[in-house]
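Going down the list, the protein sequences come from chains A and B. The numbers in our numbering rise by one with no breaks, and the one at position 258 of the first sequence is 283. The numbers in our numbering rise by one with no breaks, and the one at position 158 of the second sequence is 183.
Simulated from the structure, these hints should not be mistaken for laboratory data. This structure is a prediction, so every number in the text was calculated from the model and none was measured. Relax, there's no trap hidden among the hints.
Covered stretches of chain B, as calculated for chain A (at least 3 residues, CB under 8 Å):
no.	stretch
1	134-143
2	217-226
3	318-327
4	374-382
5	446-456
Idealized CB from N, CA, C, for every residue including glycine.
There are 2 protein chains.
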Amino acid sequence: MNDIPTSESLRERLGRIVGARHILTDPDDVAPYCVEPRELYRGATQAVVLPGSTKEVAAILRLANETATPVVPQAGNTGLVGAQVPDETGREIVLSVARLDRIRDLDADGGTMVAEAGVILERVQEAAAEAGLFFPLSLGAQGSCRIGGNIATNAGGTGALAYGSMRELVLGLEVVLPTGEVWHGLRRLKKDNAGYDLKQLFIGSEGTLGVITAAVLKLFAAPRGRAVAFAGLASPQAALKLFRGARAAAGPALTGFEILSRTGLEFVTAHLPGARDPLAEPHPWYALLEVSSARSEVDAQAMLEEALTAALEAGTIADAAIAASLDQAAQFWRIRHGLAEVQRHEGGSIKHDVSVPVALIPEFIARAEEAVIRAVPGARPVPFGHMGDGNIHFNVSQPPGVDKAAFLARWEEVNAIVHGIVAEMGGSIAAEHGIGRLKRGLLAEVRRPLELDLMRRLKRALDPNGILNPGRVI
Amino acid sequence: MNDIPTSESLRERLGRIVGARHILTDPDDVAPYCVEPRELYRGATQAVVLPGSTKEVAAILRLANETATPVVPQAGNTGLVGAQVPDETGREIVLSVARLDRIRDLDADGGTMVAEAGVILERVQEAAAEAGLFFPLSLGAQGSCRIGGNIATNAGGTGALAYGSMRELVLGLEVVLPTGEVWHGLRRLKKDNAGYDLKQLFIGSEGTLGVITAAVLKLFAAPRGRAVAFAGLASPQAALKLFRGARAAAGPALTGFEILSRTGLEFVTAHLPGARDPLAEPHPWYALLEVSSARSEVDAQAMLEEALTAALEAGTIADAAIAASLDQAAQFWRIRHGLAEVQRHEGGSIKHDVSVPVALIPEFIARAEEAVIRAVPGARPVPFGHMGDGNIHFNVSQPPGVDKAAFLARWEEVNAIVHGIVAEMGGSIAAEHGIGRLKRGLLAEVRRPLELDLMRRLKRALDPNGILNPGRVI
Numbered sequence: 026m027n028d029i030p031t032s033e034s035l036r037e038r039l040g041r042i043v044g045a046r047h048i049l050t051d052p053d054d055v056a057p058y059c060v061e062p063r064e065l066y067r068g069a070t071q072a073v074v075l076p077g078s079t080k081e082v083a084a085i086l087r088l089a090n091e092t093a094t095p096v097v098p099q100a101g102n103t104g105l106v107g108a109q110v111p112d113e114t115g116r117e118i119v120l121s122v123a124r125l126d127r128i129r130d131l132d133a134d135g136g137t138m139v140a141e142a143g144v145i146l147e148r149v150q151e152a153a154a155e156a157g158l159f160f161p162l163s164l165g166a167q168g169s170c171r172i173g174g175n176i177a178t179n180a181g182g183t184g185a186l187a188y189g190s191m192r193e194l195v196l197g198l199e200v201v202l203p204t205g206e207v208w209h210g211l212r213r214l215k216k217d218n219a220g221y222d223l224k225q226l227f228i229g230s231e232g233t234l235g236v237i238t239a240a241v242l243k244l245f246a247a248p249r250g251r252a253v254a255f256a257g258l259a260s261p262q263a264a265l266k267l268f269r270g271a272r273a274a275a276g277p278a279l280t281g282f283e284i285l286s287r288t289g290l291e292f293v294t295a296h297l298p299g300a301r302d303p304l305a306e307p308h309p310w311y312a313l314l315e316v317s318s319a320r321s322e323v324d325a326q327a328m329l330e331e332a333l334t335a336a337l338e339a340g341t342i343a344d345a346a347i348a349a350s351l352d353q354a355a356q357f358w359r360i361r362h363g364l365a366e367v368q369r370h371e372g373g374s375i376k377h378d379v380s381v382p383v384a385l386i387p388e389f390i391a392r393a394e395e396a397v398i399r400a401v402p403g404a405r406p407v408p409f410g411h412m413g414d415g416n417i418h419f420n421v422s423q424p425p426g427v428d429k430a431a432f433l434a435r436w437e438e439v440n441a442i443v444h445g446i447v448a449e450m451g452g453s454i455a456a457e458h459g460i461g462r463l464k465r466g467l468l469a470e471v472r473r474p475l476e477l478d479l480m481r482r483l484k485r486a487l488d489p490n491g492i493l494n495p496g497r498v499i
Numbered sequence: 026m027n028d029i030p031t032s033e034s035l036r037e038r039l040g041r042i043v044g045a046r047h048i049l050t051d052p053d054d055v056a057p058y059c060v061e062p063r064e065l066y067r068g069a070t071q072a073v074v075l076p077g078s079t080k081e082v083a084a085i086l087r088l089a090n091e092t093a094t095p096v097v098p099q100a101g102n103t104g105l106v107g108a109q110v111p112d113e114t115g116r117e118i119v120l121s122v123a124r125l126d127r128i129r130d131l132d133a134d135g136g137t138m139v140a141e142a143g144v145i146l147e148r149v150q151e152a153a154a155e156a157g158l159f160f161p162l163s164l165g166a167q168g169s170c171r172i173g174g175n176i177a178t179n180a181g182g183t184g185a186l187a188y189g190s191m192r193e194l195v196l197g198l199e200v201v202l203p204t205g206e207v208w209h210g211l212r213r214l215k216k217d218n219a220g221y222d223l224k225q226l227f228i229g230s231e232g233t234l235g236v237i238t239a240a241v242l243k244l245f246a247a248p249r250g251r252a253v254a255f256a257g258l259a260s261p262q263a264a265l266k267l268f269r270g271a272r273a274a275a276g277p278a279l280t281g282f283e284i285l286s287r288t289g290l291e292f293v294t295a296h297l298p299g300a301r302d303p304l305a306e307p308h309p310w311y312a313l314l315e316v317s318s319a320r321s322e323v324d325a326q327a328m329l330e331e332a333l334t335a336a337l338e339a340g341t342i343a344d345a346a347i348a349a350s351l352d353q354a355a356q357f358w359r360i361r362h363g364l365a366e367v368q369r370h371e372g373g374s375i376k377h378d379v380s381v382p383v384a385l386i387p388e389f390i391a392r393a394e395e396a397v398i399r400a401v402p403g404a405r406p407v408p409f410g411h412m413g414d415g416n417i418h419f420n421v422s423q424p425p426g427v428d429k430a431a432f433l434a435r436w437e438e439v440n441a442i443v444h445g446i447v448a449e450m451g452g453s454i455a456a457e458h459g460i461g462r463l464k465r466g467l468l469a470e471v472r473r474p475l476e477l478d479l480m481r482r483l484k485r486a487l488d489p490n491g492i493l494n495p496g497r498v499i
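Isolated chain A (complex conformation) (with noise of 0.2 Å):
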């Protein structure tokens, strides 16, 4: 074997809880577990349980308790900010929700389904479709991401925009306590004022206040029709000023309002198998536009038209395209869900994923690239994300032909210039992948201490023990 501090009677422990099948502790079968998918983190660690009941998983975060074992939850794996991987000491365990994938129901006539933790979101999307509703969390992990994760970190994703991030999506709640207790919340109620309202605790806590075994979701009426457009502009302002106007034009029929940069488009017609360039010139930014109607597809047509041709004629956008096919319209989407993975094809990237309030972007996208290139000259910005929600990731690429761990040696320098001017701007240095480990001690500099003491307070009230997800948000 080799140094990890490891107990063979807990191992055997959780084996008799959850089945020695469903133990991993052999080094090639834990490996996928222990790193997250940007290599930042690679941990160690004892044992995987893989629970297929929630009664397992209550068994098991009760002998950890016991034991004062550290447990860290894990989903689909997709998280950013390494929350969901063990650290390096190999003292923790990971309970992997992985096999908690059923479908408990789907209540078409009051539009809620009952997902376990463990259901790829992308079945959560095509379960409510066969049944001819809508689940509009969206994002670009959607195939391999698990829904018990989307909760824990509140995922924002695209849909955002119109139906709000994964906490407005979500009815009711089944939840283990670190103590083992089991907390049924599973309510499918669209009103309940009885008493504090629990699942707002669980909802974006990333893993370390209990784990979330399953969900009932808010399932919507389909659109019966969208239209999709790509236009090109001159800059963020504009974008700026073509999302106020789709947004009076279209309500809450405006479903998706993206932007690029020109960087962006180009990093992914290289990278991306069969991505072009939806237009025939060249525009320094780009805006990705969605309508959805409830009563067919020409009113969905009708309304970007109208929103498109005001902004043309007004000189908003020099350029657009409309999807003329679904086919059309998913391919203008994979260019936007695709700049998440193509940046790794350029070299190294410094991440930011952070929010300022909507009207603030374009100053913020000014004033970020221009710190960060001054810094770092020749590093390339990629700011891409959802303008309607202030959600900027401001990424930024290496210069081409450097170092790549001399470039990424100053990822703390880069995210100290664009954190301070977010902090300036009043903004948010975790819009939507949220803290783990990574933004740990950032968090510490950008909230008060009586927040986080506030927060230190939640956490002992939940987890008297600290056995969950140890050391990640606070």
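With chain A held as given, fit chain B onto it using these hints.
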């Protein structure tokens, strides 16, 4: 004086904080603060303090915490569960936020308003409208309720169908904790996952965890057109079918869907000056529909007509009137909003603010009506409310001619019948009005011990000395 235990020195110290003009101790002056709208609770207080700033609120709570003085926060005093009035002991002081009534900021570009807790809801609506925007919270008491109370109770109302309850309309909060510490959380961000979302704790906690002093509210693009209809139906089943059709036809543009029974309409036309039945013939049930369009009034009318025509053809509705003018639309809404008030003209009324999964509303109404009339022959159920949210105000007016007090003496018995059915259907006994004092005993019956324990842990974590609104909620 009287036999209420008072502390001269406490009053003096409070007076020094807020100024002599802003502390009330005379029985006549404090009386309006001691009784709630339905006069179910009539309390006493040693003093009502009206702080003029967040700093003064903090000083009051610091003093109260030091001297173990219980404090009851009060906003517009329109709550219906007794959370906002002092108890009968006279020990509790009332902290009114009425003087915190500034709109600190309105950012039309960013779609946010910073309002202090004492701003009356109607003023929030008006200020948004003046800026060409829209604040969707809408309820009967909007002319006197104050936004701090709306947040503390997570108010719902008729706009919740499309825009969500108050929880969904708040971006940030400023809160004074029971210890007198001020949490500065007035963030204007649509996405912010930097640590636990502390504001969620205070929203809906009915003044038991902190005193909200200001909030950042979300403003929306004002619809360019609205259309309102009043439809006559045979039954709640038909209303549910109409709701589904309208929702499918209009999607998020369906911004109102309320139901009421014939009894409710008769109460309104009998007691609300100027109110008339919008339809020529009587119907057992009615639905009020509102459709809003981002584009135009013509578009809103078209969507509404489409939905109604389909429903008439399918035999779902018997008749319908579409408001021909803004004035007529206001009259339709006045019928709905008048319902809460007119019941008192019909003698005693036993109230229930309940929710069930939307698809179960017809079954709930049928079962509850039958059970209540069996228990109290001649009693007149007046169910009405927010069908799309599964939220029914199942109020029961006394049989005509019987003694009001004798009828009201059966409050708990009738509650038990209705809430028993609600519990069987997985519903909530407190859908939008909260728990307060009225339902505190019931909460213990409908929530499991673990849930109550979790609520108590939160209460202790935030209010270790239990000075803030003790005996309410938990």
